[in-house]
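Novice: For reference, the chains in residue letters:
Protein chains: 2
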Amino acid sequence: MDKKKLDLFFNPGSVAIIGASENPDKVGHVIMQNYIDVGFSGMIYPINKNAKTVLGRKAYKNIKDVRSKVDLAVIAIPVEGVSRALDECGSSGVRCAIVVTSGFSEVGRDDLQDELTRISNKYSMPVLGPNCLGVMDMRSRVDTMFLPTFKLDKPKIGGVTFVSQSGAVGSTVLDMISHEGFGLAKFISYGNAAVIDEVDILEYLMHDDNTKVVLFYMEGVKRGREFIDTVKRFTQIKPIIIAKGGTTPDGSKAAHSHTASLAGSATAYEAVFRQFGLIHVNDIDDLLSYGKIFDTEGVANGKRVAIITNGGGTGVLATDALYLNGLELAEMSSDSKAKLEKVMPKIVNVRMPLDMAGDADDKRFAAAMDVVTNDKNVDMVMVIALFQTPGADSRVAATLIHYKSNSPKPIVVVSPGGNYAQVHNQMMEGSGLPVYESPSSAARALKALFDYSEYIRNTRDIYGKGIKKGK
Amino acid sequence: MDKKKLDLFFNPGSVAIIGASENPDKVGHVIMQNYIDVGFSGMIYPINKNAKTVLGRKAYKNIKDVRSKVDLAVIAIPVEGVSRALDECGSSGVRCAIVVTSGFSEVGRDDLQDELTRISNKYSMPVLGPNCLGVMDMRSRVDTMFLPTFKLDKPKIGGVTFVSQSGAVGSTVLDMISHEGFGLAKFISYGNAAVIDEVDILEYLMHDDNTKVVLFYMEGVKRGREFIDTVKRFTQIKPIIIAKGGTTPDGSKAAHSHTASLAGSATAYEAVFRQFGLIHVNDIDDLLSYGKIFDTEGVANGKRVAIITNGGGTGVLATDALYLNGLELAEMSSDSKAKLEKVMPKIVNVRMPLDMAGDADDKRFAAAMDVVTNDKNVDMVMVIALFQTPGADSRVAATLIHYKSNSPKPIVVVSPGGNYAQVHNQMMEGSGLPVYESPSSAARALKALFDYSEYIRNTRDIYGKGIKKGK
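For the record, the sequence lines run as chains Z and L. Residues 2 to 472 (the numbering used here) are what the first sequence spells out, left to right. Residues 2 to 472 (the numbering used here) are what the second sequence spells out, left to right.
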């Protein structure tokens with residue numbers, strides 16, 4: 002696979018939409034409208050055999066009629082016409098194509114899908130799909146998704162790239178990512194993988210500087226050996242968080258019926274995931290929950306976690322959560338304790354978890370953050386900021402953001418609650434502080450970060466040799 | 002403990018606020034303002050030795066100066082004055098009291114706390130606290146919480162009662178409950194339990210018709226044997242979902258430092274929880290997640306779960322989640338399959354999980370719900386409604402609400418996503434359909450419901466004899 006050609010999917014100079022239409026119910030209409038809405042800077046060529054114009058642009062009866070160079074064709078026409086259209090793209094010099102249309106091997110029509118593979122090879126034209134949503138690139142503003150914007154919030158620009166075999170999981174997780182407020186680099190829905198598969202995509206993303214962490218939903222792997230080889234090198238450079246559908250016997254049957262994937266034995270996959278540093282989650286909520294800590298936090302040098310809280314009960318639950326997740330409650334140095342004894346009011350018992358009481362304000366949070374981020378006995382920090390308490394307000398959020406920007410240690414915030422808490426959570430998330438709804442979900446994310454950091458420390462001399470370290 | 006006196010906390014005819022103040026920074030100010038804001042229908046007597054009026058009401062120098070009957074006194078003055086004020090309440094015939102003030106056994110002042118117990122006994126006057134937030138009753142509109150309303154959303158009226166030993170966990174979970182959109186009956190924060198403890202509260206709630214399910218955060222039990230005896234009878238009538246802080250060695254130490262609770266061995270508690278039908282969760286998010294299914298759903302007759310989805314990948318993850326939680330994917334009857342074959346489009350493979358494809362609209366959802374809610378092979382239903390897909394809109398939500406109202410089978414909805422999804426989630430939650438963010442969280446809640454149903458089936462002849470079944 003030519004890497005440069007894969008790049009074209011995300012940065013095309015021009016795009017043809019085969020099946021573009023004035024009818025808002027048509028997929029081709031929504032895709033074209035999205036290109037216009039996001040302010041795509043390249044040429045857009047609608048292809049429609051019956052229309053003179055589509056959405057105010059000159060329409061072409063056939064891709065062959067477009068005289069200029071077309072980098073990317075998005076094919077969204079009924080299944081019967083797809084292979085012919087794809088062949089016409091190839092013969093017209095289109096450089097790559099996305100087949101959105103479904104009705105191929107996922108419904109037993111392997112013959113139709115094989116035809117797409119054959120055409121792609123014939124013209125050396127990379128093809129994504131069929132049965133997929135295509136791609137989104139937050140920087141180039143390419144967006145081939147056929148979902149209207151009112152149904153789907155679009156994320157802001159960031160370092161997370163999401164790869165999904167399933168279109169539905171793809172759009173849902175994108176919508177969740179926007180709602181959570183963290184930033185996206187790219188989105189790739191690859192569907193049945195007639196040509197471009199998970200290995201090609203990972204090889205490409207490994208060297209994509211905009212991608213800091215990959216979230217991956219998959220049901221099965223086509224090229225097992227190559228997948229392992231790629232993953233082994235990939236995880237030395239950046240993390241992959243993977244949700245694999247079909248890890249149980251019942252789920253495996255369901256996956257086969259869904260994308261015709263041979264989901265494989267759960268045990269075999271689990272072993273591979275662990276051995277090669279893939280971070281495995283069971284569901285989409287953890288995909289997001291882990292995604293945000295890897296997007297914003299660096300390396301965890303150890304598993305000793307300081308807990309700072311303005312609510313005693315939540316501190317107790319957090320301590321339980323660390324223990325249940327195999328992390329350790331940090332023991333502050335005597336120097337740190339002495340410093341805190343000086344600044345904290347008498348009712349505060351200076352020990353871990355540090356319960357600063359319900360009237361803790363930004364100054365008390367600042368004093369505690371100052372001490373724990375500088376304590377050599379502390380590897381990571383979990384701050385529980387309950388915004389329902391009298392002392393917690395926007396200054397507390399600003400204080401936490403300040404210490405986040407000035408400390409290399411991983412810091413997570415636990416802030417559950419309603420509107421007042423949510424406003425502050427968005428403020429903190431927007432400044433790169435990962436926020437969680439419970440001590441347990443924060444502890445799980447910290448554990449994933451620690452495990453990955455350990456993996457890299459233990460394997461870089463084995464798998465990491467000769468790999469140029471990413472940023 | 003006299004049951005009728007405990008009822009007075011929630012339905013007082015008159016209330017005195019000792020420490021009521023014009024100064025908005027004072028706890029007594031916020032409590033009094035809350036009474037006024039919620040439109041409390043009884044008399045309110047502010048007690049303040051320096052003021053003539055507080056918030057426009059005539060103030061009294063001392064509780065003794067109030068000539069009329071006072072049902073409830075809320076004491077929110079510095080710790081030094083509390084026992085004297087409580088004694089004056091007793092001698093003036095006040096019928097019950099809440100001590101909001103902290104600074105008692107949680108900071109080692111057992112002597113001060115014992116004094117409160119002694120005064121309570123002397124006058125046979127039930128006392129809640131000290132070191133607590135008091136109570137909230139959604140029907141009588143009593144609200145002794147000293148948190149301003151802009152920081153804390155207030156829940157709507159419903160069947161969930163939340164009992165919390167910790168004030169901070171209490172206010173945070175209340176705020177989360179409002180945000181989730183499910184309804185509250187009562188809230189009780191009991192703090193150090195100088196007089197009224199967890200046993201008294203459960204004995205009272207057992208026969209409170211407005212309470213359908215109890216959520217409980219506790220760190221330790223004072224009267225172990227009585228607690229077990231009460232719980233054994235309680236769980237035969239309605240469920241208790243319990244989050245216990247300090248179940249791990251580290252957490253237990255933290256709990257001791259927080260509420261001076263002897264958290265006890267995790268294994269011992271776990272054994273008691275399991276044996277007597279308590280539903281145990283590790284964190285506050287699961288407290289809510291389980292709370293809403295018990296609030297709205299009835300009994301699970303078995304563990305066979307039908308999955309209906311408009312996204313194939315999510316159906317695969319849901320199938321995995323059932324398996325991982327010890328539930329079973331239902332196998333539809335041949336009759337059901339025949340019915341579905343007739344109404345579903347050809348692309349839909351009629352089997353479980355039922356993937357109705359991304360263009361499924363309300364009619365397709367209705368056809369599927371009609372079949373599975375009437376299939377004898379189905380005990381519970383998990384509907385995955387991805388509102389990002391082209392076919393899903395408000396009619397789909399309305400359809401699910403319709404089938405919920407017309408079927409005795411437990412039904413849960415999985416609907417992850419941003420604004421468009423959230424609007425519909427609120428619509429469904431408001432009509433008593435529990436909505437979850439992921440297949441895993443829905444599966445865990447269904448499992449808890451099934452386990453509790455099984456517990457009742459297996460124990461009602463042992464523990465349930467002679468107990469009048471609650472509604």
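Be aware that one or more of the hints could be misleading.
Same chains, same label: a pair holds when it works inside one copy or across any pair of copies.
Stated by the list, open to error - Here are the simulated DSSO-like pairs of lysine-lysine, each with C-alpha atoms no more than 27 Å apart in a straight line:
#1 65 x 213
#2 410 x 343
#3 340 x 233
#4 70 x 304
#5 59 x 123
#6 70 x 123
#7 410 x 338
#8 213 x 50
#9 123 x 233
#10 347 x 377
#11 155 x 223
Hints are computed from structural coordinates only; laboratory data are not their basis.
Novice: Against each hint, give a clear statement of whether it holds in the structure.
Specialist: Going down the list of hints, with the structure as the test:
For the homomeric pair residue 65 and residue 213, neither the shortest alpha-carbon distance inside one copy (39 Å) nor that between copies (68 Å) is at most 27 Å. With identical chains, the CA atoms of residue 410 and residue 343 are at most 27 Å apart within one copy only, with a shortest distance of 24 Å there and 60 Å across copies. When the C-alpha separation of residue 340 and residue 233 is checked against a cutoff of 27 Å, the pair qualifies neither within a copy, at 45 Å, nor between copies, at 49 Å. Proximity of residue 70 to residue 304 under the C-alpha cut-off of 27 Å is found in neither arrangement, the shortest distances being 55 Å within a copy and 59 Å between copies.
With identical chains, the CA atoms of residue 59 and residue 123 are never at most 27 Å apart, being 30 Å at best within one copy and 92 Å at best between copies. Taking identical chains as interchangeable, the C-alpha atoms of residue 70 and residue 123 lie at most 27 Å apart only when both belong to the same chain, with a minimum of 19 Å there against 94 Å between chains. Proximity of residue 410 to residue 338 under the C-alpha cut-off of 27 Å is restricted to the intra-copy arrangement: shortest distance 19 Å within a copy versus 56 Å between copies. In this homomeric assembly, residue 213 and residue 50 never come within 27 Å of each other (Cα to Cα): the closest approach is 42 Å inside a single copy and 63 Å across copies.
In this assembly of identical chains, residue 123 and residue 233 lie within 27 Å of each other by CA distance neither inside one copy nor across copies; the values are 32 Å within and 73 Å between. Taking the shortest Cα distances, residue 347 and residue 377 sit within 27 Å of each other inside one copy (25 Å), while across copies they are farther apart (64 Å). Neither within a single protomer nor between protomers do residue 155 and residue 223 lie at most 27 Å apart by alpha-carbon distance, with minima of 31 Å and 52 Å respectively.
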